Amino acid sequence: MKKALAFLFVCLALTGMAFANGADEKGDSERITLNVMGYGDNSNQEGISWRRMVTTFQEENPNITIVDELLYDQAYHQKVTARLAAGDAPHLAYMGADARWGAPWKEAGMQIDNRPYIDTNLFDMNLIPEMGPNGERYYLPIGTSNITTVLFMNEPLVQSLGFAAPETYADLVAMVPAAKAAGLQVVSIDGADGWAWGSCLLSALIARTSGDTQWVSKAVAGENAFDDEAMVKALGLIETMVADGVIDSKNVLVDYGSNISAFSNEQALFFVQGQWAAGGVENTDVRNSMKLMAWPTLPGQKSGMEGSVAAAWSVGYGLTKRAEDDGVQEAAAKFLAYVNRVEESTQRLRDGAIVAPVNKGYVVPDDLPVEVAQKVALAQSSLNTEVIDAFLTGPPNDALNAGMQKIAAGEATAAEVAAEVEALARQ
Amino acid sequence: MKTQENHNFRVGTILSYILFLGWTLLTILPLFWMAYSSFKSNEELTRDIYAFPKDLFENVDDEYVVIAPSLNLMMPKEVRSATSEYLIIESTSIAPNRLLMVHYLPKKDLDPHVAQRKTGDKIYVNELPRRLQRQVNRTTIWFNYTSAFRRGALGGKFLNSILYASVSTFLMVFFSLMIGYAVSKFPFKKLSAVVMGLIGVGYLISTNSVIIPLFLMLSNLSLTDTHVGIILVYTAFGIPMSVLLASQFIRGLPDSLIESAEIDGAGMFRAFRSIIIPMTVPVIITISIINALGIWNEFLLVLVLASKEITKSLPVGVYSFSSLTSTQLGWQLAALVIATLPTMLVYFSFNRRITRGVVAGAVKG
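Protein chains in written order, with our numbering: chain U, 1 to 427; chain S, 1 to 365.
Just so you know, the hints here were simulated from the structure itself, not pulled from any lab data.
For clarity, every value in this text was computed on a predicted model and none was experimentally measured.
In this text, a Cβ means the ideal position worked out from N, Cα and C, and glycines have one as well.
It is possible that some hints are incorrect.
Okay, the calculated bits of chain U under chain S, using three or more residues with CB under 8 Å as the criterion [unchecked claim]:
1) 45 to 51
2) 233 to 243
3) 255 to 269
Okay, derived cross-link-like pairs now, DSBU-like style, lysine-lysine, Cα gap no bigger than 35 Å in a straight line [as the list claims (entries may be wrong)]:
4) Lys-308/S with Lys-334/U
5) Lys-118/S with Lys-360/U
6) Lys-180/U with Lys-54/S
7) Lys-360/U with Lys-77/S
8) Lys-302/U with Lys-334/U
9) Lys-118/S with Lys-291/U
10) Lys-308/S with Lys-106/U
11) Lys-250/U with Lys-190/S
12) Lys-321/U with Lys-308/S
13) Lys-79/U with Lys-308/S
14) Lys-77/S with Lys-291/U
15) Lys-291/U with Lys-122/S
16) Lys-122/S with Lys-334/U
One chain only, chain S, in its complex shape (with noise of 0.2 Å):
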C-alpha cells in the first residue's frame, strides 16, 4: 500500500516538474530568441529565423561601397556642411541598397589610397585604421538598437511610460485606498453600497467601448495629447479595481485600531495615514504591480488620446516598426527588448518583495 503511494507520489511530482518545465520553457524561449534575434540583421532573420546572430558581430572583413549623398540619406550635420572631407560608405550586406548601415569616414583619418576612393568603389572594414574599424564595429554591433532608438524616438517615449505608470499608479493608489476607507469603515452603508455599485459598473466598461466618446470628452476639455489627460484616463480605468481590492483588505482590517487612534486623539485623515496606509502595504503592492504593468503595456488609449509625438508611450514606439511593409525586423525586436528589458528588472529587483506582496495581497483580500 505504502509502495504504491509513493509510486503515486513519484509519478505526481514528476508530473508537476515536467509541467512546470514545459511552462518555464514556453515563456522564457519567445524572450530568450527576441534577445539575440534583436542582434541580427534583417537579411539574417529572413534567411533563418532560429539562427544565433552573425553578421553584426563579425563585421571586421565586411564590404562597403562608396555613395554619393543623396535624397533619403539624412546626414550629420558637420558631413552635410563639408561632404567632400568625407567618405560615405554602405554596407552591401546589412540592409544594402537602403541608406540605413552608413558610415561617414573623416578623409583625413584614412590612409591616402583608401580617401582616394571614388563612388561605387568598394571599401573593406579591414582597410580603415584601427579607431575607424573599431568605430564601424561599434555601430555594427548596436546597428538594431541606437536605430530603433533614433528613429523611434524611444528614448522620450521611455519617459512618457515611465511618467503615466507612475504617476496614474500613484493617484490610484492613493484615490483607492481613501474610497476603499472610506466604504469600509465609515458608517455610511447605503452610501457606501451606492459608491460600490457606481464602482463595480465601471469596472464593466472595457476601453474599446468608450474610446471613441472618451476622446470627444477629452477633445472638449482640450485635454487631448497632453500627460494630464491621459494620465487621468489610466486613473479613472484602473481606480475600479484598485477600488474592490482596497476596499476588501480594509475591511478585514479590525475596527478596533482606527477607534483607538480616535481615542487617541487621531483625526479622519491622521487615522488614514497613520494606520490604513501603513497596514494596507500588501494590497498596495498588488495594486501597483497590477496597474503598473497594465499602463506599461497600454496601447490602445494612448494611440488614440496621443497624436503629437511628445506625449506617445513605448508600445507605440514599438508599434511603429511593425507594419506589414516593415523591413528591418531587428529594429522591431530591438524596440521589444527596451519596452521589455525596464519590467524584467524590477521583477528581478524587486522578486521577493512583489512575491510576498502578491500572495500577501491575495490571501487578506
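Next up, chain U with everything else stripped away, as it sits in the complex (with noise of 0.2 Å):
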C-alpha cells in the first residue's frame, strides 16, 4: 500500500513537471501567437460571444493562434494591473480610455493610437470620440455611447395603481402610498453596489443640479468643488428620495442580480440601472412591457437639463504596446476588425450590450426586440452628462460611493460626504 501510494506521488510528481510548460507558444516561423485579453464570462452574452468568435477566427484564419483569456469584473481589473506591473501585457485586450478603463494601460504606457490598426472603410471615425490630445483612439469602442443612468419602468403595474409615467419628482412621490399598500418598492436600486450610486444615480443628478453637462471633469480638474452647492444639492436628493420613501433605506443591502430579479418579478415599479441591465431582465412579460426612461424633473433642477442621462464612451477592444512585430499586428488588426464586423454589432445590439454600432453605414434592424428599441430611442433623445467614474477614481470615488451607501441609511449627510471627497479630491 505504502509503496503503491509512494508510486502514485512520483508518477503525478513527473506528471507535473511534464506538463511544466503549459502551452507551448513557440510554432513555426509562419504560425503568428495572439494574446488577448477578453472581457465575460461563460454564462453571460458577452462571454458566450466571445468564445464563438475565438472559435471561429481561428477555423477562418489557421496561421493564427488566439491565447485568450476571458475575464469577468473586478477578477478582469485585478489581472488586468497584475499582468501590466509583470511586464506581461498582450497584444489585443478589452480596455477603454477613461479613468476607470484606460487608467492602468495608460499608466502601463501601453495604450497606443490604433487609428492605423481600424479599417476607416469599415468603421465610422466620427462615431469614435477622440481620446487623445492629437485625436488619438487608444481602441475601437463596441458601440457608440453607454448610457448609464436609466430609469427602466414597469408600466402596466404603474398603471394598475392609476398611475402614468411620471413627468416629474412628484409624480414618484405621489405613487409611494399605492406602491406600499400593495407591498412594492417605487425605485429600486443595488445599493450594497457602491459603483451603482455614482455611475447609475448620481451622475445623472450632478448634471440636473449643477446645470453643466461637464461639472464632474471640471470638478476633477479643479475648476469646481466637489463641496459646491450643486454637489451637496445632489446628494442631498439622494436624502430626500429616502425620507420621501422613493428609494428604501434597505436598499443598501440590495446587490445587482436581486435589484433586477425585484423589478423582473414586479416587486419594484421602477429599477436604476445602466442601459445594458435590460436584457437581463428575466420575465419576458415585464421585460417586452418595460419603459426605458431618463429621471424626471427633479426639486432644484436647472432648465435645459430635462430628460438628461449620463453616459460614458464604450469600451472595446485595441491593440496594445506589446504588438509591436508587424505579422502580430496585422493578425490583432485582423481581429479587431472580426469582433466589431457587422454582423458582432448586430448580435450586441439584440442582447442589450450597445445602445448603436460604429460600424459604417449601419443599417439598424427592424426586428429589434423592444427593449433595444426603446434603448436606441433613448439614446437619440436624449441630452449626455458625464459619469462621474469615468473621471474620478481612486479613495475620493470610494469616500462618495460609501458616502451615498451612508446618506441612505441615514449615516451621514450630504454635506459630510461632499466636504469629505472634497478635501481627498484635493489631496
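Starting from two chains that each stand alone, build the complex the way the hints lay out.
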C-alpha cells in the first residue's frame, strides 16, 4: 500500500514536471500567436459570444492562434493590474480610455494610437471619440456612448396602481402610498454596489442640479469643488428620496442581481441601472412591456437639463504597445475588425450590450427586441452628461460611493460626504 | 442532590444535542440546497429559489420552436456541414431566446409532418420518436452539468486541480519532514533556531501582500502560466505551517530510535526513510489534508499566476460562471457541485483514517 502510494506520488510529480511549460507559444515561423484579454464570463452573453468568436476566427484563419484569457468584473481589473505590472501585457485587450478603464493602460505606457489599425472603410471614425490630445483612438469602442442612468419602468404595474409615467419627482412621490399598500418598492437600486450609486444615480443628479453637462470633469480639474452647492444638492436628493419613500433605505443591502430580480418579479415599479441591464430582465412579459426613461424633472433642477442622462464612452478592444511585430499587428488588426464586424455589432445590439454600433453605414434592423428599440430611442432623444467614475477614481470616488450608502442608511449628511470627497480629491 | 445532578446532566445533554444538530444542519443544508438547485433551470431559480427542481425533469411535454442557424448558435460540425438535413429547435421555457437549450434533430429520423416544420413553428417533445425523446430528456436533465463542463472547460481544470493539490502536497510533506527532522534531531541548535525563525516569518506572509512581486518574480523566471510555477508557489506557501507541525511532531519522537538505527549502520537518509517517515504518518495525514484542501479551494494565486486555460484550476472555472450579469445560475451551481464533490468523496471514503490522523497529529503535535 505504502509502496503503491509512493509510486503514485512519484508518477504525479513526474506528470507535473512533464506538464511544466503549459501551452507552448512557439510555433512554426508562419504561425502567429496572438495574446488577447477578453471580457466576459462563461454564462453571460459577452463571454458566450467571445468564445464563439475566438473559435470561428481561428477556424477561418488557421495561421493565427489566439491565446486568450476571459475574465469579468473585478477579476479582470485585478488581472490587468498584475499583468501590466509584470510587463506581461497582451497584444490586444478589452480596455477604455477613461479613469476607470483606461488608467492602468495609460500608467503602464501600453496605450497606442489604434487609428492605423482601424479600417475606415468599415468603421465610422466620426462615431469614435478622440481620446488623446492629437485625436488618438486608443481602442475601437464596441458601440457609441453607453447610458448609465436609465430609469426602467414597469408600465403595466404603474398603471395598475392608477398612475402614468412620471414627469416630475412629485409624480414619483405620489406613487409611494399606493406602492407601499401593494407591498411594492417605488424605485429599486442595487445599493450594496457602491458604483451603482455613482454611475447610475448621482451622475444624473449632479448634471441636473448644476446645469452643466461637464460638471464632473471640471471638478476633477479643480474648476468646481465637490462640496459646491450643486453637489450638496445632488447628494441631498438621495436623502430626500429615502425620506419620501421613493427609495427604500434597505436598498443598501441589495446587490446587482437582486435589484434586477426584484424588478423582473414585479416587486418594484422602477429600477435604476445602466442600459446594459435591459437584457437581464428575465421575465419576458416585464421585459417586453417595460419603458426605459430618463429621471423625471427633479427638485432644484436647472433649466435645459430635462431628460438628461449620463453616458460614458463605450469600452472596446484595442492593440497595445506589446503588439510590435508586424505580423502580430496585422493579425491583431484582423481580429479587431472581426470582433467588431457588422454581424457582431448586430448581435451585441440584440443582446442589449450596446446602444448603437460604430460600423460605417450601419442600418439598424427593424426587428429589434422592444427594449433595444427603446434604448436606441432614449439615446437619440436625450442630452448626454458625464459619468462620475469615468473621471473620478481612487479614494475620492470610493468615499463618494460609500458616502451615498451612508446617506441612504441615515448615517451621514450630504454636506459631510461632499466635504470628505473634496478633501480627498485635493490631496 | 443526585436528582439535581441528573437534571443538570440531562439539560446539558439536550443543549449539546441541539447545538450539534444545529451545526450539522447549518453545514449540510446549504450543500443539500446547492445539490438539488443544480438541477433547476435559471427561470425556476429566479421564480422560487428554495423550490425543488421540476422544469428540467418534467420535460416530456416541453414546447420548442424551430429556429434558423444564427451567429451565436455554436452548431456541431456535422450539423454545420449539412444544416438542411437537421431541424434545429430551441426551448421556449428553458433559457428561451438565448440559444442555450438547443437540439439538432436529424430530419430523416422524424415523422414527415414534423420534419417539414418551418422556422418559428412550434414542436413538442412528445411528437418526437422515442429515441429522440429519450435523448432530449437526458440532455435536458443534465443541461446545467454538461453546459458547465463544456463552456467552463472544467475537465482540464479538474485535472489541474488534482495535479496542483497532489504534487504540491507531496512536495510540501517531503520537504517539511526533511526540515522538521533536521531542526529537531540534528545537533545544530543555533542554525535550527535561525531556520525556524525564517520559517516562522514565512508563516506570517499573506498571499495577498506578495502577489504582485511574486508575479514579477515568476515572470522573470519565465514561470508564470506554467504548472511548475504554480506548484512551486503552492509548495512554498504551504511549507512554513507544515514545517512547524512536522518539527513539533518529530521532536516528540524518542532520540533512541534514531540512535539505534545509527548503531545498526543506517545513514541520515536511511534513518529518515525507515524511521522518521513511518513514525510520522499521523502528521503527514494532517499536513496533507490541510494543504490539499487549501490548494483545492485556492483561487487568488491561480487567477493571477495563470492566464491560459491550460493552467487554470477549478475555483477559477467556477468563478467564471458567477459574474453580476451571469444569466445561468444553474450552471454556476452545477460547477460548484463538480468542484465540491471530489472533496466530499475523499472525506467519506477515508473518513476514519482522516479522523484518526488528525486526532493523532493534534495530540502528538
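Here is how each hint holds up against the structure:
{"no.": "1", "hint": "45 to 51", "result": "holds (count 6)"}
{"no.": "2", "hint": "233 to 243", "result": "violated (count 0)"}
{"no.": "3", "hint": "255 to 269", "result": "holds (count 6)"}
{"no.": "4", "hint": "Lys-308/S with Lys-334/U", "result": "22 Å, holds"}
{"no.": "5", "hint": "Lys-118/S with Lys-360/U", "result": "34 Å, holds"}
{"no.": "6", "hint": "Lys-180/U with Lys-54/S", "result": "33 Å, holds"}
{"no.": "7", "hint": "Lys-360/U with Lys-77/S", "result": "33 Å, holds"}
{"no.": "8", "hint": "Lys-302/U with Lys-334/U", "result": "47 Å, violated"}
{"no.": "9", "hint": "Lys-118/S with Lys-291/U", "result": "33 Å, holds"}
{"no.": "10", "hint": "Lys-308/S with Lys-106/U", "result": "24 Å, holds"}
{"no.": "11", "hint": "Lys-250/U with Lys-190/S", "result": "60 Å, violated"}
{"no.": "12", "hint": "Lys-321/U with Lys-308/S", "result": "21 Å, holds"}
{"no.": "13", "hint": "Lys-79/U with Lys-308/S", "result": "12 Å, holds"}
{"no.": "14", "hint": "Lys-77/S with Lys-291/U", "result": "41 Å, violated"}
{"no.": "15", "hint": "Lys-291/U with Lys-122/S", "result": "29 Å, holds"}
{"no.": "16", "hint": "Lys-122/S with Lys-334/U", "result": "40 Å, violated"}
This entry does not satisfy hints 2, 8, 11, 14 and 16, going by the numbered hints stated previously.
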